[in-house]
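Colleague: Spelled out, the chains give:
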Amino acid sequence: MREKIVYELKSLYRDSFRIRGYEFGKGEDSICVIGSLRGNEVQQMYICSLLIERLKQLESQGYLTNTCKILVIPCANTYSLNLESRFWPSDGTDINRMFPGYNLGETTQRIADGLFERIKDCKYGVQLTSFYIPGHFSTHVRMMKTGFEDIEEAKHFGLSSIVVRSPRPYDTTTLNYNWQIWCCKAYSLYTKACEEIDEKTAKEAAEAILRFMYEKGIISYPVLGGYKSEIVDEDRMVSIKSSSGGFLKTLVDVDEQVFIGQTLAIIYDPYTHVELEKIISSQEGKVFFIHAKSMVYAHTSIVKIKRNI
Amino acid sequence: MIETFASVSLPIDEKYKLTKQRIQNGTSKKRICVVTGIHGDELEGQYVAYQLQQKIREVYDQLDGIVDIYPCMNPLGMDSIQRKVPMFDLDMNRIFPGDEDGSMVEYLAYCIIQDIKGADLVIDIHASNAYLVELPQLRINELFKEKLVPMSKWVNANFVWIHSTSTILESTLGYCLNKLNTPTLVLEMGIGSRLTLEYGENSVQGLLNAMHQLGMLKNEYPVMEPIIGYDQEIRFLNAQCAGLFISEMEVNTPVKKGQVIGMIVDPLSGNKLCEVISDWDGLLFTIRKYPICNEGSLIGRILEGKQ
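Just so you know, the sequences run in chain order A and B. According to the working numbering, the stretch in the first sequence is residues 1 to 309, in order. According to the working numbering, the stretch in the second sequence is residues 310 to 616, in order.
FYI, nobody ran anything at the bench for these hints, they're computed from the structure. For glycine and all other residues, C-beta sits at the position ideal for the given N, C-alpha and C. Treat the hints with care, as some may be off.
Unchecked claim - Stretch by stretch, here's where chain A covers chain B in the computed footprint (C-beta under 8 Å, at least three residues):
{"no.": "1", "stretch": "384 to 396"}
{"no.": "2", "stretch": "477 to 490"}
{"no.": "3", "stretch": "548 to 556"}
The shape of chain B in the complex, shown without the other chains:
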């Protein structure tokens, strides 16, 4: 059943509506929430929202519990291909838990939290940005790792990044829900504005397995064991100069110390400006796909010592 759980009038003949699909069967009150589209330019979760419903329909008779799918929390951003909420240029994932008496976007953030809190598991699906491809990875704040790391093994992600606490992240949906004792896994995968069907299929398999683990589905769904990594093992490759980044590297590729990841060139002069070289052995789990870079632009990330 499709429900509208928040609605605010825009100036002319339109409402900013937040909607969800609720699929419910059996007697159990167990609830899993799949949330995506907080950033309007991240679309990988769209395929997951669709494909998950297709798969649930095949096993609906088995379902015992509630599946809430929130496909798009930033419909105006998605419509206008913008990451943030367009009118205010405001990153929705920096204003949680929101404010019932606050401005429009703060109020909507509040409504999202109110609707989701209390679930047995939440997956908040993100899709990097327009510049970088990410190997499917869960980002877990170390504050919540005891509770979340066991759950992170359910959802068929390649990698779990346990990161240190940062005050600014306290205003994300994931942090706020976890603070409210609603276990929330933040999944980052693929690239902005595109679909990576393989990652979407893997995530759906993982979500079905999570439902099995919660006792909502009888069938088992095999999943991969994720690599676990911590901040101190993550290495960053940043552009040393502005230019055109050229590389054929893909994520999930082992790299060696001294290996050339790509090069930065100047199309105006026709000169090669610099090579981007790995200083570490490890697994390339992020790679730049938008080729224009400024000095400092993120080129890639390597999980050192893991393959």
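Looking at chain A on its own, in the form it has when it is part of the complex:
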């Protein structure tokens, strides 16, 4: 393992901002795994740390190759993580909306440029990322239809779902989108948690990435198990929304099978505990996403169900 500084930026009073990368193996830049780009992506960084721990073991046991180089970047936004702020502390910008970056531009454009210059030529790119609404996801691979996407290869992660969606205008400045434009096969990986560590799905994600590496010949250690992945167009996700605000009690968990008419959650009056609303399933399928805050707004997705075909 070789630890490298991928990018560094001096500050007036804070310690320098650094993006550290951990390289394994030799040869071409085969795969880059990147953890937190936002300051609340704790789980994402944790997964990378597990991956580095495992890759160190595999390296010492001779399971890495001389033709494939692996780069793991656990965190590209230490300044925000240290402050528990999702976005760049001094101007509120999102590094994951700054790609491909600009070396003469503003601070986060320069950070994105410095990072992207190092990782844009990788054959495969895996980003561990998060959604802006707080909630728990079923662990899955997510891809955008850019015309460059390779859905078949995503099956090598062995996760139960590969979600495919059309990009929206604001997606065009994300790392995943730009990786694809630069001909890197890019995948976003979502797990149950974001701001806190969920050990079970963190291990599931780290194992899925190792499985992908094995299937692509990047490591020689076989990672068995996994699912036969199902490709799911995002249109198949049915969002069950609240019409009231209040305390939220969820009655189901991610990956649970639900049926039409089942009560998925209840919203209570925050003053009196009077039941305001039952969130009822309109579909038969598997819970794919569930809102994870104790208080909820009206017009909010409480549960997303991957509808059975």
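Following the hints, position chain B against chain A.
Modeller: Frame of chain A, contents of chain B only:
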């Protein structure tokens, strides 16, 4: 008449309400909309919303048409001095046209579009951010310049910046309304979290003139002719290092090539770190007022070749 056109329940005893003031007189259905406060830390439009109503009251008998004033599209952001919608840290001006079936903020964005679309002219007033002062300027996407540049001369802005298309800007209110054939001018002026009364007064004069041009008011209101500039004439000054930026420069100042715009210093060591120097002759139309900067922080913008 004050109307609530969208309302969503928050968890405890409060609704996220979007409100507007409708001033209507005469028989004409001509409609002008003044929208502001999409970013909660931009307050220059607040003064315009107030002062415009004061002025309209003076000439109400002349008014023939509808004036809709939307003073605050992000009330929770404004209350908490945040640019974005606080609970989600979401930039409202990146989710238009919204989604009737989407999450709360997407739904509210949808309601805004539905309420405004079809107007004869929309002015979406922004106020830079906490860091930079902007000379009042209209930002026009080149896709819509044929229709919007003639209108841009109505509203008393100093400068019109015609910029190239960018996919990410397709999710702004201005782009979406223009795509829906609702002419929308995006006005950027002043600085975040503050009022610049002179700019507000000028904008009100411009809005009254726009109403005159639309046939909604008989009186004429003199306005300035804006300078027109394109992307290729815009020059950026970015900080070469982190430090404290010191400058006494103001916007609307002609600058010469080689002129010192300011300097970046280190208060810890007491050393001057670098000078910020213009490489161009032109008009300084943006200048940093928040003095702490990182490497890359925007220090200013110059419209090259114009004075």
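Colleague: Check the structure against each numbered hint from earlier and tell me which ones fail, lowest number first.
Modeller: none
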